[in-house]
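Please model the entire structure based on the sequences and the hints provided.
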Amino acid sequence: MAADCLRARGSRVPAETSDTEPSRRSSREATEIEGVVDALAELSKYARMAIVTTAKRADFELVHEERHIKQFMECFVVRDDYLLAKPRPESYLIGANRFGAGKEEVLVIEDSARGLNSAVAAGIDGAGH
Numbered sequence: 001m002a003a004d005c006l007r008a009r010g011s012r013v014p015a016e017t018s019d020t021e022p023s024r025r026s027s028r029e030a031t032e033i034e035g036v037v038d039a040l041a042e043l044s045k046y047a048r049m050a051i052v053t054t055a056k057r058a059d060f061e062l063v064h065e066e067r068h069i070k071q072f073m074e075c076f077v078v079r080d081d082y083l084l085a086k087p088r089p090e091s092y093l094i095g096a097n098r099f100g101a102g103k104e105e106v107l108v109i110e111d112s113a114r115g116l117n118s119a120v121a122a123g124i125d126g127a128g129h
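Residue numbers (full-length UniProt numbering): 1 to 129.
There may be inaccurate statements among the hints.
[To be verified] Heads up, simulated BS3-like pairs for lysine-lysine below, C-alpha to C-alpha not over 25 angstroms straight-line:
hint, residue 1, residue 2
1, Lys-56, Lys-70
2, Lys-70, Lys-45
3, Lys-103, Lys-45
4, Lys-103, Lys-70
Hints were generated in silico from the structure; no laboratory data involved.
Structure follows, in structure tokens:
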């Protein structure tokens, strides 16, 4: 993002300075957590699920191209879909809307304090850290 900001201001940024390459590299190196697919398969029998992420669409697709969790999700909200990032509530409000669910019908499971704060700011119950 820093490189994009510099380019937008007319500054020349060397080609090797790329905000996307480190994230793409780390995305390829990320591993699927053992047991997650089985847990989501079981949960999907009883609950509708979605992913709300701060990852940009291209990075999200890269991370999940070799993983098997998207099949259990009804929809996805990625960083390209909203203006104000977590901990602002916008991402979860968009997610609930796409889901066709009221805030009282949604439970957010989060892996970050910032995301949990976002859910709380949206008036949605959450669990995580």
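Review point. Which earlier hints turn out false for this structure, listed by number in ascending order?
Key: Hint check: nothing fails, all pass.
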